[in-house]
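Asker: Now for the letters of each chain:
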Amino acid sequence: MADDSLAAHRRDPIKSSVGNVAAQRRRQNAATVGKERRESLVRAKRLCRVGAPGDGDVPFEENDMMTDEEGFLLEDQTSSAVKELKSAVAYQGKGAMQKRVNALRELRRLLSKSEFPPVEAALKAGAIPLLVQCLSFGSPDEQLLEAAWCLTNIAAGKPEETKALLPALPLLIAHLGEKSSLPVAEQCAWALGNVAGEGEELRKVLLSQGALPPLARMMLPNKGSTVRTAAWALSNLIKGPDPKAATELIKVDGVLDAILRHLRKSDEELATEVAWVVVYLSALSNFTTGVLVKSDALQPLVERLATSNSLQLLIPVLRSLGNLVAGDSHTTSTVLIPGHEITDGVVKVLVKCLKSDHRVLKKEASWVLSNIAAGSIEHKQLIYSSEAVPLLLHLLSTAPFDIRKEVAYVLGNLCVAPAAGEGKPNLIKEHLVSLVQRGCLSGFIDLVRSADIEAARLGLQFTELVLRGMPNGDGPKLVEQEDGIDAMERYQFHENEDLRNMANGLVDKYFGEDYGVNE
Amino acid sequence: MLIPLVNVVPSALTKDPNSHVKDTTAAWFLFSSQRLFSDRWKPMEVTQVLLNAQSIDGAVRKNAEESLKQFQEQNLPGFLLVLSGELVNEEKPVETRKLAGLILKNALDAKDQQRKVELVQRWLLLDGNAKSQIKAGLLKTLTSPVSDARSTASQVIAKVAGIELPHKQWPELIGSLLSNVHQLPAHAKQATLETLGYLCEEVSPDVIDQDQVNKILTAVVQGMSSSEVNIDVRLAATRALYNALGFAQANFSNDMERDYLMRVVCEATQSPDVRIRQAAFECLVSISSTYYEKLAPYIQDIFNITAKAVREDEEPVALQAVEFWSSICDEEIDILEEYGGDFTGDSNIPCFYFIKQAIPALVPMLLETLLKQEEDQDQDEGAWNIAMAGGTCLGLVARTVGDDIVPLVVPFIEENITKPDWRQREAATYAFGSILEGPSPEKLIPLVNVALTFMLTALTKDPNSHVKDTTAWTLGRIFEFLHGSAVDTPIITQANCQQIITVLLQSMKDTPNVAEKACGALYFLAQGYEEVGPSSPLTPFFQEIVQSLLTVTHREDARESRLRTAAYETLNEVVRCSTEETAPLVLQLVPVITMELHNTLEGQKLSSDEKEKQSELQGLLCGCLQVIIQKLGSSESTKYAFMQYADQIMGLFLKVFACRSATVHEEAMLAIGALAYATGPDFAKYMPEFYKYLEMGLQNFEEYQVCAVTVGVVGDICRALEEKIVPYCDGIMTQLLKNLSSNQLHRSVKPPMFSCFGDIALAVGEYFEKYLMWAMSALQSAAELSTHTAGDDELIEYINTLRNGILEAYSGIFQGFKNSPKTQLLIPYAPHILQFLDGIYMEKDMDDVVMKTAIGVLGDLADTLGSHAASLIQQSVSSKDFLNECLSSEDLMIKESAEWAKLAITRAISV
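From first to last, the protein sequence lines are chains L and P.
Start counting the first sequence at 1; every next residue gets the next number (the UniProt record's numbering).
Start counting the second sequence at 1; every next residue gets the next number (the UniProt record's numbering).
So here's chain P without its partners, still in its complex pose (with noise of 0.2 Å):
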């Protein structure tokens, strides 16, 4: 059975067919499969089947795309020619021109990672000549009189430039493109501007000099300056602006050219064009937070101009406002973390407090917002609004400031709250809901004491919905922030608990998005409880609690926003919290959930809509049962009363896999994993008929959170089954090798995929020796790719989850091994993971995770190989600074490894 494995390393570059059709940027018709016999194309008719291709009729569409696609497998260049010769004609109708660019475009580029690889390096194989001359013809329509025209050839300029530049090629763009742009007239000034907009968008402000930048920069100020009056030229300037501000650093350091840019900025702020304005708005968002530290400077100018746009200016541009202050709130949260925490991280960024010094007039700025709700919105899941936005951003400001921001609220509060009108109501409650995450409990908890009745009330008898909706959601951030062991002074006692929870469950039966939020509230009533200890508050009132949230669950209405997924989830957080004493209920809600996914199952001959429903409640039942058999699974008692529903659970299960959707998939999988663990070796059972859906989890690259989902199950079903999984491990091993060669699988599957090969270790002992030359060898190259970091924070967060996988690996084939004849294989290994350890010890990146991993690998080399290492060990380079390094960690983990480490390798050299 060696060898399907032998295969698999060598055909890891082969590609997988199917991964092309997805590219949903792609034009579509290039990869239609039928073949159709087609005379030479001709130039003259490629502005026909251009409009073939937009035709109403399917089959002469259909017929266009075949010829499109056929001349363009015929020859790539004179295509791409033709194409761009059809863009830059201006006798053509703009359609066809129009689409002749955009199959120019998706001819460059596309969502696909790998795709748009072999895009660019076709593109940059492709015959020089023809190339000039389509990038010729583009230039061109530039000035062309038609606005689409040049709106198309300004964004595939941009792509060709995004592939070029960073090769050293066309080196002339940006000079011609600003050679004589002052002379151009207003239309092609404006595409040029655009260009140069869509250009450092593509582009990585690393491939242009400061000399060029400078130029771009000049250019578009003078475009946005109040001396140019083409309005849609501004426009444009406006608009590239905040493309190129990430070019500007060395621009934002010098004073005068800030202080001009900033100028500048300002004034198209207060442009007559609206749509100027929001632009210059999304400037000053972008600047806030690319250079927070060189506001200081204009933050009171700043803040006049937001707060009259906020009070004065149309919706967008007020939006744009309030994001600007969000946007600072973002920027201080980030550094006052930092200044809490460790002080490792580049927090060379001091806080100015910006927020802080504005809250006396930006506070009621932002209040005076959330009295401007629109009607409804409490019912429209994608909306977005002023009051919205102004909520959301005097949320930011309590996260950042802290307590100062509730005397500032307080008196909004009480002023409005008992108020007629209902926006006053909801405004004032919204204000309330708003604060409770920043603030100290000291001083919110007074201030919740003496609202919460008032609040229950008002979710019962308030006459408007959008107030009970917002004092429900209130009341979720009260549980969410203000309840649970880590609060000293409780807000729900034994005297209001059953008004609380009768109220929410009374709640429940209300509106759908009032129910919503009443389940919201219970969630988070629920969690605060999850550490309560053997008996729980809400022990009297659990069955009541489940069965008014099945009833929710099965209300007519329950799709309404998105009302069954909150009941469900709440109920599972009822479950999870729950204690002991009301194991009995939890098990009597197995046949009920069961039956509900059994009913699923049943119907036949559904419309899509109707299957979209379906496969959505499959999903939160399988999520449902997942955290029932988490929670019976965990105490001895419990498990053996559920392992009566075993069977028919992984029954349903199964059937589960039939239908076609990824999340139903997801969750599945993760409720198998939870029923492996509960049944145990008896999993083996199983899995004859389990295997072909782990196999399609484990290939399902596209989906690939089922991948990584899968990949988890895995593992849990090694601990389960141990040596019985042995009839499954080519396949699985193989799957594994394929997917880690593969570079179109997404990359955060890799590090969990290398710590499945642990967990197959850890369960097959010995047996993985079959394995270990593919298995030490992906891991090697992981490992050598993995020792060095360079690049950004997200970058290095990776590297580290994937050196974590790495080293769980090789912990769990060296602990598998242990005590094995055929440790001896091992020892081969050695001094490349040995290196590896000293490699990433020396890069002083690592995080606490990697460093406990590491050092336990170190231990486990020594505990398995014994005095095989012992001189390894002491010859290499840092094995003993990193010990001791660990040794003295504070981190418990980590010490508790290195102890570990330490006695073994003290055992591993003294034989």
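So here's chain L without its partners, still in its complex pose (with noise of 0.2 Å):
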């Protein structure tokens, strides 16, 4: 509150001193640098994954960290062996192979160099022409070699860099050849897997170019990396969503077969990839699943779940299974029978998946019990009477919500038989009550308070069984306990008809009016 002047206001003079601003400036640039250099920290940590299944393994022969200092460079040198490459192509004389090669390697090795591969300057110094230019027929196994790996790399980069091998393609794929040695069509197999794995559209392209037939041929042998590579790769290649490649790839002479040898006797690692094609072919395209379970495709999957403890097999396997039950009604009705040796045998291995620690085991394996407590009566006695209920009731009140909804599904199922006309399912009334008295009405309520409409509608349904069908009229007294009413009232103006129906009609029907009146 000065007395003279009430604003001491007063501009900056535009004619200033260069000293204030450019020291503000300079600081700035500090504090810029050092947020900059975080940002490409946390760049290069997101790209470099771990043993992740398709693109963790690849042959890299250094794969020492990268520094930041060291990418900088990284550019540069990659674009000076483009250079260095383009001459070699272009030179004529003497030792002129020799030089290609070396070109070739001293790239490959600069695209191997680290996690975060200089793709990018790659493709601007024009890589790619040099490096089809290399793959042509009659060159020496070496360069073809070299060629490819490059071109995996670059393939392993953005989805544009991976585009950038269009021209590329029909070469690689004609390196799958038979005529080719083994480790050049593994090579190109390995890159037009990473091409594969980009996307819908470079899948149609690989398709068209024929890329699948040569591929199906490497994995007739009974061993060796160039079949585990040649099935990741056609794992990516047939992902779909069309379900035309998985029918092509099964109509293949021999490729059943070869399958389901390398399911029943292969290494680990080879059982995981073709695990990762069966997967495929079984969710795509009901010609496929049916030509599986007819060719007793289930029997491998079983036993590898009994004898492996690898989670990277496990998973595929257990999805494969659960395909094959859920993708044709046959599998249960014809190939499971209760009794039969094999039906026992996936209850086992369910059983142990369920016991499993890790939640996409227990999930998926819910998920492929609920699809059998679909089916007959015989079949949710067997599963009613299997080890599996404790461990499932354990799970609805303990799991994650995901697992939970899925053991939902098998409890459900478990209490009710099909209609015979329209209509209400009819009550299992042993198994309904026998489930109710180990506690698993609680569960079932908290699904009706989940905002899932999916999970909620299951609660819902699973409230009615209990309010119809537990004896002596108990089932509104146990609703009312497990704060049942609660959770149905809060549907009484939700925006999804059909649950507000039910739930408005439930509260209505069973604690109307008369509710409590005799008590």
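These aren't lab readings, by the way, just hints derived from the structure by calculation.
Worth double-checking, as some hints may not be accurate.
Calculated lysine to any residue pairs in the SDA-like style (CA-CA distance at most 20 Å, straight line) [what the hints assert, rightly or not]:
id, chain 1, residue 1, chain 2, residue 2
1, P, LYS880, L, PHE401
2, L, LYS163, P, LYS902
3, L, LYS239, P, SER910
4, L, LYS35, P, MET846
5, P, LYS880, L, ASP452
6, P, LYS372, L, SER16
7, L, LYS265, L, LYS204
8, P, LYS880, L, GLU454
9, P, LYS895, L, GLU120
10, P, LYS613, L, GLU454
11, L, LYS294, L, ASP328
12, P, LYS131, P, GLN74
Since we're looking at a predicted model, the values are computed, not measured.
Fit the two chains together into the complex; they arrive one by one in their own frames, and the hints show the way.
Answerer: Shown next as structure tokens:
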């Protein structure tokens, strides 16, 4: 509160000294540099993945962590390596071949040096046309191998970078053939697997250029890294969503046998890649699913589940099993007949998965069980009397949401029999009473409270079973004890009409005016 | 080592005892540490004690201060009551009444935020009877014949009102001030109006209802009107209006009331009293920014009034009249900027193009002012006069109207630039320099091409130093706005480059003010070549430029006109913008600057003036080393060559910390950050010695810029040392957590401290486990606070910075833990983090930076937690929408993060 001037307001003169602004800017610049380094570090960490299926184990010679300063250098080195390659490709004189191979090797080394390969720099410098040239027929194996290797690592880059391989695809596919040496074919398969993994568009291109048959034939031998790489590339190639590739694959002579053989006998690594092929075969097309079921594919899957402890393997195998059960009703009705050895085997491995520590296994096993429990009365009795039920009850009260939902399907399916006509399903009173006595109701009421519509419906349906089916009219009391009324009343004004009607109907019917009058 | 951390969090609320000492507004004696025995305070003694407290005898003063302090501690209500009794008592000497009032005021308010909160609480809890008596005494003082007593009471009343009105206390205050304002004698009326003015300054508009606002405005306007004969009353009323304008939103929306208010203000600009005219123009300036959109009907009249004032009135009035137009330019530049940018902001205020319409008359008026320079204003750093204000306003006009200003100014330049009177040559040059920002390069470059040679000659040959000063500055403006990669036709060519540099280097030997401007010109000249490619046109001159700048720094008079600072900053820019060709020369600078820094540390027993000089120089040298290290560290080959000096330089930096100066610490810290980056993991060898200064920096709450810079350096060091930072993490984390829970630390430091959590986690990986609980809980509470924003743009901007800091911390923690067996420790925090992301997404007010970081965090969460995150992400309310929005963003950085996040989520869900 100065006395003389209210506003000692003075703006900065336009003619000012440079020192102040400059110092300010310099400090800001220092802060910006720090920020940029933080960001590039986070970016590098994000791209660094260890042990991820599919893209983790690229055969890098030196896998040393890249530091920032190397990053800046790396780009420079890469552009000059491409330049070097260019002059090597143009050079026709003595030692031309060695010169090309050396240039390729240098480029490959740079592209494999870090988890964050300088793909962009390589592309900018014009690497692709040169690499395509190096793939020309009649080139020495060493040159083909290095060129394909470079392309493999370029294909592992960002989407646009992968697309840059388009001109190279015909030659990569051509080198898959029997005339190629195994290492060259494998390297080409690897590059193509990366391309196929990028997306549907590129998969279509590869299929139209005939990549599938030679890859499929590479799967036929009994063992070796080539088989594994081919299986991995195929699993990327048939991913769909168009089922045509899956159908085409299973029709290739000998492939079905090879798949079953690998599932039965191969080492776990190979079996893992093959199992992923089976996952897509069984997920996309009823035809291929049917072929697999008829060829007794269930048996090796169950065996693998029973004997292996490798999570990497168990996941695709269990998923395949689930797909076969879910995709073809024939599986449940004619193969998994209660009393048959295979059926007991399936239930046993599923119980094993329910006991596992890994949530994916628990979730998928519950899903498979829910599909089996949707079968005949005998199937329901089989599961009901198995070791699975106590595990499921435990999971319903303790597991994460997504598992609980699957478990609820199993338990719900156990309590109902298929309805004769339309109408409400018939109750299997014995199962219902026993499961409710063992405390499953609170789990279902929890689902009623869920924001997930599907889970809520499941909860309400089971509540309806309890209200209707518990002997001596105990249902309403039990539901009330578990705060079920409150859970249902939340739907009074719910936006989903179906759920609202269902919940309101139940409350009106069982907890209407008369409720509690007799007490 | 976890134990100290446990203690940290609960201790958050303890206060730092040092923080009170700095409170300069509070009475200085309240905190002396000595205790004195004293008798119980007797009212009779107050006057004497207050007189003693102003004694020139230090011992007497100290005693008095002690007694006052003791009394205040023993009985606060009694103390304040006695003071108000002193203030109101007409028998007492004016100086004790004033001091009593001042102590009272200082018991109600303080600059320090926390101290202020304490004082407010203390007043609110004070005994009601005592407060009533004090307030009655204050109001009574307003009618005192002694002007100093009235004025002091006015200020105290406003402070009390500032505390009580927002709590709905003292509701009768405004009514009782206004009730009999008409019947009061002039001196009391003046005091009442002054009180209303202070009150409007203290209290926010929403606390006072419209009815009372109307009454205040009525009283103020009546006090201003010509019917009021007393000049002091009219002055007090005009000044009160200045503060009350913010309350008049409703009145300015009503045509009649607005007309009336504007008429009264305009009339006051014609008052015979210069103070009233100045205050009235200050009101107009305030109206121009607060009620810009209501000005159209008055703008012509205001132009006439301001033009007359600029030409004829005394300088303080003329300055405010120019300021009116500068302020209109500010408004229109803002509005036009919003037109040009996205239509997001609140651009509901249209542009009335007042300036565009006014320039035919406005520009000539401003050009006239340029001729009214003061002698030697170019050597006086604090100068401000009508010529400077006029040129500044001309620059704003050029930015507002662009090309249109050029034909209005060129004739003035042509006519005056060759005149024998230095004033005319200087004004012409100044006018040219002022309009270089705003008009298009196409319009300016032809002029510049003609002018350049002339100006280079003027800079060497003009007999007047002021003309040379402005010429050098204008050259700087030419290089700043019309030279560089963004401009198509280069104004600096092979043909004239040599001459330009020769002239600038020559001028660095001129008087300090001219040399300083020549440095500035060279600064922008170098900056223009920042992105010039592998070879710079400056390369042939590099050695000569550096040598000349170093020579300037050694001039005896280098401290005048901030010449030395300009020379070092120009050297920095020349180095920063240099290319690889000159890297060996930059390397040669290292031992030179190092030696200079070494020499500053030699001198012993300096006077305080010399000490200040020395630390200023140390700051500049550290800044210079920072730029050099950053430059040399950015390329592999030069970095190696530089490393031979690293030990020596680090040793000097550590010595620099022993000197107490905030700026020097800041600069040394920044330089160490650059050094850490250049040394990499080897920086570990400096840590044992450096660590204590790092900790000191983090503890420096008062000079919070030092704290902020240190936090940044912790990040640099984390990236350099990686896991080798582990031994220091306990200390750093403890300090960071302590800082975060403090409400004394400036808020701008908090976001970077969160980012720093991320830096540490990235460096140490799963070792971060021991801090996880504390860090997450600090992040969580900050996240809750920053989900919702309500407030002005400045607050929203701050909240976004805070969000960004929090998100960077999350990213760092997730990426740090990735692939470790301990990732499951993070699972419990995931739901809250997703909720935070949902929250800020739904709030719809995040900026692009936050958006990019946030979507990255979603990816990091999926990437690190894998399948554990899958169902949580699927269940989260808006993850999917958020991701889709980012995927379709125009901002490439956001898009890139989003694509990565999508990949990570797909992977997590498919497992």
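Asker: Of the numbered hints stated previously, which ones are contradicted by the structure, given in increasing order?
Answerer: 7 and 10
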